[in-house]
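Peer 1: These protein sequence lines map, in sequence, to chains B and D.
FYI, in my numbering the residues of the first sequence are 1 to 284.
FYI, in my numbering the residues of the second sequence are 1 to 306.
Keep in mind the hints are simulated off the structure, nothing from the lab.
Certain hints may be false.
What the hints assert, rightly or not - With a Cα cut of at most 35 Å, we get these calculated DSBU-like pairs of lysine-lysine:
no.	chain 1	residue 1	chain 2	residue 2
1	B	215	B	196
2	B	102	D	22
3	D	22	B	8
4	B	208	D	22
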Amino acid sequence: MSKKSRMKKALLGYLYISPWIIGFLIFTAYPFFYSLYLSFFNVNFTVEGIKATFVGLKHYIYAFKTDPSFPINFWNTLLSIVLSTPLILVFSLVVAILLNNKLKARAFFRLLYFLPVVIISGPVISELVANNAAQIVDPRKYFIYNFFTLLPNTVSYPFIYMFNNLVLILWFSGVQILFFLAGLQKISGSIYEAAKIDGANSWVIFWKITLPLIKPFVLINAIYTIVDLASFANNPVNTSITQRMFDIDKPYSYSSALSWIYFIAVMIIIGVAFLLLKEGRKNK
Amino acid sequence: MNKIKNFKTSFYYRYLKAPSTKFIIYFILIGVGYAYLYPLLYMITTSFMSVEDLVNPTVNWIPTKITFDNFARAWKVLEATKSLLNSAYMSTIPALFQTFITALIAYGLSRFEFPLKRFWIVLMLATFLIPSQVTLVTKYMLFSRLNLTGTPFVSFLPSLTGQGIRSAIFILLYYNFFNMLPKTFDEAAELDGANSLQIFFRIVFPLSIPAMVTTFIFSLVWYWNETLLTGLLLGNNIKTIPIALRDFVSKYAVMFPTADGSAANRINEGIRMSATLITILPLLITYLILQRQFVESLERTGITGE
Chain B
1 MSKKSRMKKA
11 LLGYLYISPW
21 IIGFLIFTAY
31 PFFYSLYLSF
41 FNVNFTVEGI
51 KATFVGLKHY
61 IYAFKTDPSF
71 PINFWNTLLS
81 IVLSTPLILV
91 FSLVVAILLN
101 NKLKARAFFR
111 LLYFLPVVII
121 SGPVISELVA
131 NNAAQIVDPR
141 KYFIYNFFTL
151 LPNTVSYPFI
161 YMFNNLVLIL
171 WFSGVQILFF
181 LAGLQKISGS
191 IYEAAKIDGA
201 NSWVIFWKIT
211 LPLIKPFVLI
221 NAIYTIVDLA
231 SFANNPVNTS
241 ITQRMFDIDK
251 PYSYSSALSW
261 IYFIAVMIII
271 GVAFLLLKEG
281 RKNK
Chain D
1 MNKIKNFKTS
11 FYYRYLKAPS
21 TKFIIYFILI
31 GVGYAYLYPL
41 LYMITTSFMS
51 VEDLVNPTVN
61 WIPTKITFDN
71 FARAWKVLEA
81 TKSLLNSAYM
91 STIPALFQTF
101 ITALIAYGLS
111 RFEFPLKRFW
121 IVLMLATFLI
131 PSQVTLVTKY
141 MLFSRLNLTG
151 TPFVSFLPSL
161 TGQGIRSAIF
171 ILLYYNFFNM
181 LPKTFDEAAE
191 LDGANSLQIF
201 FRIVFPLSIP
211 AMVTTFIFSL
221 VWYWNETLLT
231 GLLLGNNIKT
241 IPIALRDFVS
251 KYAVMFPTAD
261 GSAANRINEG
271 IRMSATLITI
281 LPLLITYLIL
291 QRQFVESLER
301 TGITGE
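This is chain D alone, in the form it adopts within the complex (with noise of 0.2 Å):
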């Protein structure tokens, strides 16, 4: 009697029931999946779009013929060459000292006992919660009484020093997963007469690649699109891509003036959309390439706590 009751319920679970709810998971999931990528396919395929397309109702997802004519003009206006070289140095050195730095002062807080390391983690902690508006203010003052403003050591500085974007996430990443790690090769290698700094290089560096890449990736994009700060302390002096974007359609009215009437030099959304996606397309090729990385990383580094 039991058994043909099992078999039932699993007939049904089997044949009725779960590719009913499979097909509405999917359903939702594709749905919210159009919503998340319309925004970048309506950039992509406007980027293309000649400006008859533009303005012909009939068009609306595929250009009748494929223009480049837009990313020309939005490289132009972006100074794409130069800015996009700014934000790869802008973005990778800062991430790569953010990398290091809050590896070490996490080991530090891993492996070390010392009075006051509960308050420490907490002020740390506690830093995250501070919107950037509060020192944006007092941060331009003090770089600028350094003369400062306007170098790229305004976003070196702080990441040298713990200070970068959302350090203390990272710090906090490290930290959990250094202990993780056992430390069962620390003692032996002390036990054969290696410093704590030897340790961290030949033990502890070489095991911590994953959570390395994960602070680096993330460190890197959060640089990259930073522009509040950057902003008001790079002022003109070196433009990152999205500040171009920022800027761009002022700059473009100067550079494409529109007073003799014509009409062929008025900005559209197709020109917008081919600088916005000059901005974003090193990010997104890093993202493809580097998927495994960016999404599994929080699983893999173990910041969610043991």
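Pulled out of the complex, with its shape left as it was, chain B reads as follows (with noise of 0.2 Å):
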């Protein structure tokens, strides 16, 4: 009876689950899969339908040895995913600090630097950025920013994306800010007492207690940053794939082997960020 009863629940588990089954295999597993099995191929459209034949990794090596455009955007791309995502880690980490003091306007701001999350869109990002709205204030103004355009272009790029690039990076910053302030309240008061009395100052405390205990927070944060920025629609190397879908000598495999180079290149990114930031248990 208990058996029967464990296969009848085992049963109605998967019932529950069966549409996203079925939706997964036809609407993620197999477009996954057959770009990446396109990327090898040339597609031919003849009478009988689609013709494919293999090509190895001719559109791989094409993408970056050929291809006058490819490259720039897919760096560029990466580039500013590997740049925005510490920048927005840090600054949603600093203002979910500050809004977790007992303030009067804390719910308004908690309201303002959300706002963004909800309105942004490729479009509407682009429409900002081509109408200098997103532009405070004119950088090239400053002495600071001035001082890094002098240095080596290695050194100063990171600083002067940063000075471009503020407002989105204020408007991507929406979401983590929310969840480190979830992860900010569930650390109890009392160790902060604990702390207090031991004679810790708030600078002590920031390293020695908030930041361990949301570590686990900037990891989830870090992914959601890299997948959000990476999926953005106004990224160049969107340009790249959509552009190449109908070339006339390859349609569809090479944009697919486009969109491989790129799903590959930011898998390593959150494996990277994964490394750097998933707790070191055995260290100790």
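Using the supplied hints, reconstruct the complex from the two chains, each of which is provided in its own coordinate frame.
Peer 2: Laid out in structure tokens, this is it:
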């Protein structure tokens, strides 16, 4: 009896998740692996339908060696993800810690900082950037900006990037701020009190208590940020992928190869973030 | 002695240190808030400016006279009545599907034990990591082979099968939420002879309104703002308002040609900002009405885990 009812329960469980399994196979797994498959082939449209001929790594080599625009778009997209993610994380953690104080206007600020999450979309951002609405101050007027431009390019690039994209970095931090705030509120006040009695100042408290306890949230936020930025509609890499979809000599397949190059690169970034931010319990 | 010291620290803290740190915190928060609001303020004031105000360098924020011409033109070029309606149903319906289906899936995961359960959960979370560009090309091929490109089904079908925008987040959200609900209600109902669907609709459903509201409004916003996939799959058949905004400049040039050299027809920031404002206005209004649901959602639904 109990074995039978357990069987029934298991079947019911599968029944509930069956829409997901079906949808996953059709709308996620199939397009995902089919694009990997296509990236090694050339597609021809014949009378009988689509005919694919194997070309090996040809598209992948072409992407980096011959394509005039893809490498630029690709590296620009990756660079902006790699530079924005730490900035967004640090910024949202700082704002969350500030908001975690007892403030009268806390609800108002929380509301304000979350607003961009609701209105952000590719075309809206493009319009704002195109009309200089995303640039609060002209950074070129300031000494510090000019100071950084004098430094070698590799050193100054992250700083100049930050100055130029300040508003965009802020606008992509809404979810992360709320998430950090939820995490901070879970840390019980008694730990802070105990630390204060032991004579710790707020600087020490931040490094020894807040940061270690918030670390799991940093990892989740980092992954969310990377995925969010990587899928954003305005990435230059998207133009490469969509414009090449209907290339006469290599329709679909070349775009598939480009999207897989991008996918692997994003996975590497997520992997690095994971290694850097995972909890190092084994070391202790 | 000790008492005096205590008094001293508290005096110092209450009247000197605490107000000054509060002041600094407020100062930073307001500064950051200004940076957040700047694009919006710029958008709003610019969209009410006439051409004379736009070229006048002494007019920075407040227009000398408020004009609605920009909106009239932007509305026409966006075909806003039609585009807004398209956006409304192309985001409401998939959001409703997503809210309902992800709840059912999470209910199955939360209340039943079955083989490979962990595997399915990990797989669901893994799908979140796939950037939408990777499946873009083959999704287009799939839907065009099914003759569905340009129809609403390109959004409806994936959302009906739990593959909507960021559905993994919502499944996780419901999963955590259902795990927090006490199972004693379910068990009592089961003893009374209710089947699992009845339990879901009669007991779990009414209790999970907060999670459902959260899922619905976030789905709504994300579907409204999605342009990469819908832009490709819907083509020009169903233009949502963000897609209309994307094509705004080129469309404007066609509708208001400047070939005759007249400056009156030239596009300017005022018109472009009005078009942007029209696009985000429904979202802004929704946000202001449902602000609590948006902002407190993360805490109330326990997505942060317990």
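Peer 1: Each hint: holds or not?
Peer 2: Verification of the hints:
1. B:215 <-> B:196: At roughly 21 Å apart (the allowed maximum being 35 Å), residue 196 (chain B) and residue 215 (chain B) satisfy the hint.
2. B:102 <-> D:22: holds, 9 Å
3. D:22 <-> B:8: violated, 60 Å
4. B:208 <-> D:22: The given pair, whose Cα atoms are some 23 Å apart, holds under the 35 Å limit.
Against the hints set out earlier in the document, a violation occurs for number 3 only.
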